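Student: Spelled out, the chains give:
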Amino acid sequence: MMRFLANRLARTAFTLLGVSVLAFILIDLAPGEYFQDMRLNPQISRETVAALRVEYGLDQALPLKYARWLRSVSRGELGYSFAYNCPVWPLLETRIANTLILTITALVCSWLIAIPLGVWMASRAGRWEDRVSGLGNTFLLGTPDILIALGLLAFALRVTWLPTGGMHAPLADGNLNDLALHLILPVLALVAGMLPILVRHVRSAMLDVLRAPFIAAARGHGVPRGRLLFGHALPAAANPLISLFGLSVGVLLSGSLLIEVVMGWPGVGPLLLQAILERDPHIVVAAVLFSTLFLTSGSVLADIFLYVADPRIRVES
Amino acid sequence: MITNTKLWLSALSLAFVHVAVVGAAFFAPYDPAEQHRDVPFAPPMRVHFADAEGKLHLRPYVCSWISQTQDVGPERYVEDCSRAASLRFLVRTQSASGSEWHLFGTDGPARMFFLGTDDYGRDQLSRLLYGGQVSLFAGLLATALSLGLGLLMGGIAGYFGSWLDDAIMRGAEVFMALPWIYLLFAVRAFLPLHDGPRQSFFLLVGVIGLTGWARPSRLVRGVILSAKERDFVRAARGFGASNAYILRRHLLPETSGVMLTQAVLLIPQCILAEVTLSFLGLGVGEPVSSWGNMLASLQKYYVLQSYWWMFLPGLALIPVFLLYNALADSLLRHFKTTRSHDGTQLMGRQKPQEAL
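Respectively, the protein sequence lines represent chains A and B.
Residues in the first sequence are numbered from 34 upward in steps of one, following my numbering.
Residues in the second sequence are numbered from 742 upward in steps of one, following my numbering.
Do not take every clue at face value.
What the hints assert, rightly or not - Residues on chain A that point at chain B, a partial pick, calculated with CB under 8 Å: (1) Thr48; (2) Leu59; (3) Pro64; (4) Leu174; (5) Ala187; (6) Leu243; (7) Leu310; (8) Leu328.
Said to hold, decoys possible - Some chain A residues well away from chain B (every beta-carbon gap over 10 Å; in silico): (9) Ala63; (10) Gln76; (11) Arg104; (12) Trp161; (13) Ile179; (14) Asn210; (15) Ala225; (16) Ile248; (17) Leu291; (18) Ala308; (19) Asp336; (20) Ile337.
No lab work stands behind these hints: they were computed from the structure.
Note that the structure is a prediction, hence the values are computed from the model and not measured.
Here a beta-carbon is modelled for each residue, glycine too, at the ideal position from N, C-alpha and C.
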């Protein structure tokens, strides 16, 4: 287990390094930079812009820039934002926390709904309950996240008692009830986007297991329905679902970026979008690295769950 | 031959949608950039078959919108049926570029906005049809690019193996370690922001296409890995066939099943990517319409609150996605039941025994 984890850790580090190198090459190839707009301003002299470029190290060669960035990462600064004129990490810190609050809440909610729903649909396979929820599922799957988010916002504007954006009401920082109220809409939007995928997989994994002879045997022995489904069948169907858990982290992270922008949640999404529009490369690199790290931790977590849940894997390793 | 009603039905409906979009110049009543400044945010109009006295009209007609907007608050309109116009099929209109045929037209003072108008009074139906050209074809072209790259990379990795395989697969892993919108943003971040509509369209296609190659390339690699050990491939090699010949004649055709299903799975994702980027202002910009930048006006709360027809470009995505999903489902089912002749369950096309 330890060896496996160390292996995964090394791989993650390699991936992060790869992503950052790739990003720096892309930055270097890209036309335009932060100080480009300044050149158009007649009040700022050519020399000032040149001096600024020297000060921020934009005149250096690519390897030097990368080395400079690596040194800043080792100091825990993750690079320097030109637009905010400060290191990236303090900017990103609270944003990441906010994104994690949103994403993890949505992750928990969507799995808590998907498992019972999928199990129930599989147990009713072929009957009208299954057909109707399957149809609803298909429609939800075909509905883009943007549309769900905008629809929910329109709904909130109509009913007025739901907050329509942001994370806190004015002067209500740190009030948990207020935070929960603000979480409702973005979490709903994320869950609506995630749920159909999860339900589909839970249902099909359960269907495979429910056909197995040991289920018929258990049923023959008079095991009650609830225990049959959740005690016997679900653990047997767990493996593909645990692998899906890692994948769902990535899907939710993507979804949350969009929903943060639409609903004004102060997470990484709006900061990243603004950084792209302002050509502030270090924020972009840091945000992308954060998403990679979070996604990889999701899949590592899934592997650990798998290790705990499946004795076969434990014996093999 | 694939005989499956659901499959053909969804393919046919998709073809219909694409024809409607390609023929936008004919199906759309107006130019997508034509502004009717006197009727911003006019609601979709009613087609009247009977007038106020209950008399039936042989030719349906539309009425004019008369603005009743107050100083504050949303735009309000009432119908003024004293200025009505009959609808005509197949009309010929004169425009700057000569005369054009349109499917619908009016011959009176009233204009027709079947799906309402936007903030500049531009006809939503026309913009929807022209926007579909951008959104749907960005999806198709980006998918083609992704699959082409995937085929190339996967083919090389699977066939030549060793360090090339390692390098390409590590690269694919880096691409798959990023959540897709972050990946899209990361690539988009380093490309020029303001460009002409044509450049930004191809830029978008490039960005989306570049981000999608990893998964198909892994699948292609898998197919090639197992196919290159098959007897007819060994035989071909034994007869002295070149690498290029074996790849082209024997191995790449094996991947057609994977490619087809991957294409159908990728296209809606690529369309969604275009819509997302354009929605956030990183894609195709005004005055060219795309389903994404049409939705962008909903980022203003007063639009969101008052004008429901601005949601229509988003609603148009639903049937497209449903059809692609249905197509993907039936394709997957088809290829799952088709086993290769040596019994291994390849996701490939069933091929007759190759006689060399």
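Student: Give me the numbers of the hints this structure contradicts, sorted from smallest to largest.
Tutor: 6, 9, 13, 17 and 18
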